Structures are given as structure tokens and as C-alpha cells.
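Chemist: What follows is the residue order along each chain.
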Amino acid sequence: MKRGDLILIGVVIVAALAFFVPKWLFQNQSENMHNANVYAEISVDGKLFKKVKITKEEQLIPVKTDHGLNVLKVHDGGIEMFDADCPDKVCLSFGFVTRAGDTIVCLPHRVLVELKSESGEESDLDAVVS
Amino acid sequence: MPSSVKLSDTSLKLKKAVIIAIFSAVAVVLGILESLLPTQLIIPGAKLGLANIMVLTCLYFLKGRDAFTLVILKTLLMTLLLGTFSAFLFSFLGALFSFVVMYGLMKIGRGHISLLGISVVGGVAHNIGQLTAAVIVFKTSKIFYYLPPLMLLGVVTGIFIGIAVKYVVASLSKLSIFEPFVPEN
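As given, the protein sequences belong to chains R and W, one line each in that order.
In this text, residue positions in the first sequence follow my numbering: the first is 1, and each later residue adds one.
In this text, residue positions in the second sequence follow my numbering: the first is 1, and each later residue adds one.
These aren't lab readings, by the way, just hints derived from the structure by calculation.
These numbers come from a predicted model, not from an experiment.
We put the CB at the ideal spot given by N, CA and C, even for glycine.
Treat the hints with care, as some may be off.
Here are the computed lysine-lysine pairs in the PhoX-like style, where the Cα-Cα straight-line distance is at most 25 Å [said to hold, decoys possible]: (1) R/K53 x W/K139; (2) R/K50 x W/K139; (3) W/K142 x R/K47; (4) R/K2 x W/K142; (5) R/K64 x W/K142; (6) W/K139 x R/K64; (7) W/K174 x R/K2; (8) R/K89 x R/K64; (9) W/K142 x R/K50; (10) W/K166 x R/K2; (11) R/K51 x W/K142.
Partial list, derived from the structure: chain R residues whose beta carbon lies under 7 Å from chain W [to be verified]: (12) G10; (13) V14; (14) G78; (15) S93; (16) L112.
On the chain W side, residues computed to face chain R include the following (Cβ under 8 Å) [what the hints assert, rightly or not]: (17) H112; (18) S114; (19) L116; (20) A134; (21) V135; (22) T140.
Here chain W stands alone, though its shape is the one from the complex:
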């Protein structure tokens, strides 16, 4: 008996690793796609946050540790493909803060808060993290002037990202590879 338990255990681990790898790849592609869109024109620094779809989906199916791996992989790969090291620090602080907030809400708010609300707050947290990094570097709090418009826009994009995540989660739950990871409510 113990050996069969062990076998399913390693296969679960393997599935997890594959899921994280695929999610990171999709997140990077979404990030590149987003960088091609001219969304910057509305407010400087505003982004759709498409890659957040994968982070949220990962948080839904897997544990916080796995989603954290995804966040680090995604940010590293994006930096290698698109940015420079100093840009890495900014996006990493944003991604980290957003992840911590979303993970916390996921833990506390199960049953009270849906993916939509988590997506909105995650997006806003991303902005706050990045602006905080900017304030540290520039040593002026003037940059926080950009926070309110970014927050309002973040609500709108967060709602759309949340809706997208709901669809992704619903269709992935039907796949057999995700079956062991569907959380019971």
C-alpha cells in the first residue's frame, strides 16, 4: 500500500511541476503580447496585467508556494526577454506585493470574496509596489500622484482580468490533469 501512495504522490508532484511550467510560459506570452499593445497612452505606467490571469489561476488550483514559484519564474523570464536588470527590481517588487496581497485575500476571504475582487486588489497592489520602488529610488513622494488614476484604472482592468480568470478556471477544471487540484468549496 505505501508504495502505491508514494507513486501517486510523485505523479502529483510531476503534474504540479508541469502545470507551473506551462502557466509560466503562458504568463510570459501574455506579458509580451501586452507590451505590444499601446495601452500606455491612457496613463503613464498603466498596464492591463494580463499575466496576472495565470498567477490567479495558479493560486486557485495550487498552493501559495507554487504560485510564488510562478511569479518568480514569470518575472525573471520577462526581464530576460524584455527588460534590463534595474527594471527587474521594479517589476519584482510590484509582482511580489501583488502576490502577497492576493494570497492573503485568498486565505482569509474564501467564500466571501470571489476571484474578481482578488484580481482587482492584486492589480492595485501591483501598482503600489512599483510606485513604492520608484519612490525609494527617486527619493521623492511626488510619484505617488500617479497612484489614484492608476487605482481607478486598476479597478476596471482588475474586473476584466477577474472575469477572464473565472472562464479559465471553469474550463481547466474539466481537464483530467487538473482534477486532483480542484479545491472543494
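This is chain R alone, in the form it adopts within the complex:
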């Protein structure tokens, strides 16, 4: 290991941490408005496919497109990718997401699930982001 290596690795770690700090602040804020109504925006190829309200009750949402089939499952105030026939199955590893701002992505099928809160449109939270 040479000095140049250490500098390079240092730069990468610092850059990563610089990304992390605003993310933490952001998460603390969204913790406060956890009670707000959260809904999931499902889009395919960058176009809106469906909006789903996040509920406690279980509901299955099949997303069938030209690319393939993804099945999302809403339950207990969150959503998860339940099943998919994509080749890499990365989307299944996103797990169960509950907070506004969380995402699930299936790259091969171009499916994007974003959690948003109903009141989020006018809040300071989004003003900071945009």
C-alpha cells in the first residue's frame, strides 16, 4: 500500500460521509412526521403506474409490464417487493420500507417505488430537497 492509495481511499470515505450527514439530518426530520399519511408511488419507465395508500391491511399489487412481473406487498404501514421475475433479484433485497423518502428499485424491469407523505408537498422537508 502506497501513500497515494491511502489518499485515494481517504477521499472516497470522506465523500461518502459527506453524503451521509445530510441524510441523517433528513431522516430525523421525517421521523417527526411519521404519522402523516404515507403513500407509495409506483412508476415504470419514469411514468406513473399507480399510487397506493400504505395501510396496515395486507394488499398485493402486481406490476405487470412489457419488462416482466413484479409483485409488491403492502402491510403493517410499509411496503416490500414480494416477488419478481427479474434476472438479478436485487429489488427483493431492498426489504420492507416504511418511511417517506424510501425507495425500492428494480433496474431490469425499470420499476421504481417511492414512498411519499401526503402532507409532504408543502413541508420544509421537500423545500430542502428541491
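Following the hints, position chain W against chain R.
Modeler: Just chain W now, with coordinates in the frame of chain R:
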């Protein structure tokens, strides 16, 4: 005299072609092996990047053009074996960006940066390339949230890949077929 020079020239070219072919085959096998490992569970999209061992080794012994051939061959073969065409675009952008960065560092940093540092930056560049492709497709920059954890993990895997490359390079340098390609430092 010129004819003998020409002869060694073609034999060098032949050796090069064989090396690229073997490296691509090994890279594909490593890629398949990796797809069988459940490494995805830590962070979505995280990968060990075992195939990068061969790209880096190729960059060390051969010219940038040859390593580029390897990258294209590897990505094409992997797509045919494992993926779909739309997945090809993502992995190709990642592989291309990673290659350009590693090649640049190899050129600039000879003597200052070892294979370890190049491996780390190459891995991170791969993530950035893929996420950029995802951002273009999904038209949302939210996906970049996954970059910081991927970067931190990329440092760890990059160090291990770099160590592996050092061992591979050291033992390949002893083989006679690689003798004409060992760079002088």
C-alpha cells in the same frame, strides 16, 4: 532480420489474443460464481466485483485497448448468460466508467498509486456508472441515496480485490507466456 522481427511480432499478437480470451473466460466464471453468492443482502445492488480482478490484471500486463476488449467481451458474455438486454445497458455503463477511471489512474499514478488504490476507485466508479444509468432511466436523483453506503462497502471490497490482483499478478509474472508483457518499473 526484418522477417524475424515480424515473426516475433505476430507471436506476441497471438499471445495477447490468447491472454485476452482466457482472461475473459475467467472473468465470466468469476461473475457467475459471484451471482450465486448471496452478497446482495447487505445493501441492494452491492457486489464483490470479482470479475474486476481480471480487468485489473489485464490493465497491468497489456495495453488499455486490450483491457477494453476484455471489458466488452466480459459484459457481453455475462449478459448473454445471466441477464437481459436492458440489464446490459446498466452493467455496460458501470463497466465502462470503471474502466476509464482505472485506465486513467494507471497512466497518471504509476509509481504513486498501487493496484490496491486503483481497485478501490474502480469499484466505486462502477457503482457511480450504474447509478447514473438508473437515474437517467428513472428520471429521479433519489437513487443516489444508495451511493454512500455502496461507496463505503466498495472501499472494503476494493481492498480485497486489490490484494487478490497483487497475488495474481505476482504468480502470472513467473509464467513464460507473460514474460514479454511484464511492465518495467
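Chemist: The structure should be examined with respect to each hint, and the outcome stated for every one.
Modeler: Results for each hint:
{"no.": "1", "hint": "R/K53 x W/K139", "result": "holds, 23 Å"}
{"no.": "2", "hint": "R/K50 x W/K139", "result": "holds, 17 Å"}
{"no.": "3", "hint": "W/K142 x R/K47", "result": "holds, 15 Å"}
{"no.": "4", "hint": "R/K2 x W/K142", "result": "violated, 36 Å"}
{"no.": "5", "hint": "R/K64 x W/K142", "result": "holds, 23 Å"}
{"no.": "6", "hint": "W/K139 x R/K64", "result": "holds, 20 Å"}
{"no.": "7", "hint": "W/K174 x R/K2", "result": "holds, 24 Å"}
{"no.": "8", "hint": "R/K89 x R/K64", "result": "holds, 16 Å"}
{"no.": "9", "hint": "W/K142 x R/K50", "result": "holds, 18 Å"}
{"no.": "10", "hint": "W/K166 x R/K2", "result": "holds, 13 Å"}
{"no.": "11", "hint": "R/K51 x W/K142", "result": "holds, 18 Å"}
{"no.": "12", "hint": "G10", "result": "violated, 10 Å"}
{"no.": "13", "hint": "V14", "result": "violated, 10 Å"}
{"no.": "14", "hint": "G78", "result": "violated, 16 Å"}
{"no.": "15", "hint": "S93", "result": "holds, 4 Å"}
{"no.": "16", "hint": "L112", "result": "holds, 5 Å"}
{"no.": "17", "hint": "H112", "result": "holds, 4 Å"}
{"no.": "18", "hint": "S114", "result": "holds, 5 Å"}
{"no.": "19", "hint": "L116", "result": "holds, 5 Å"}
{"no.": "20", "hint": "A134", "result": "holds, 6 Å"}
{"no.": "21", "hint": "V135", "result": "violated, 10 Å"}
{"no.": "22", "hint": "T140", "result": "holds, 7 Å"}
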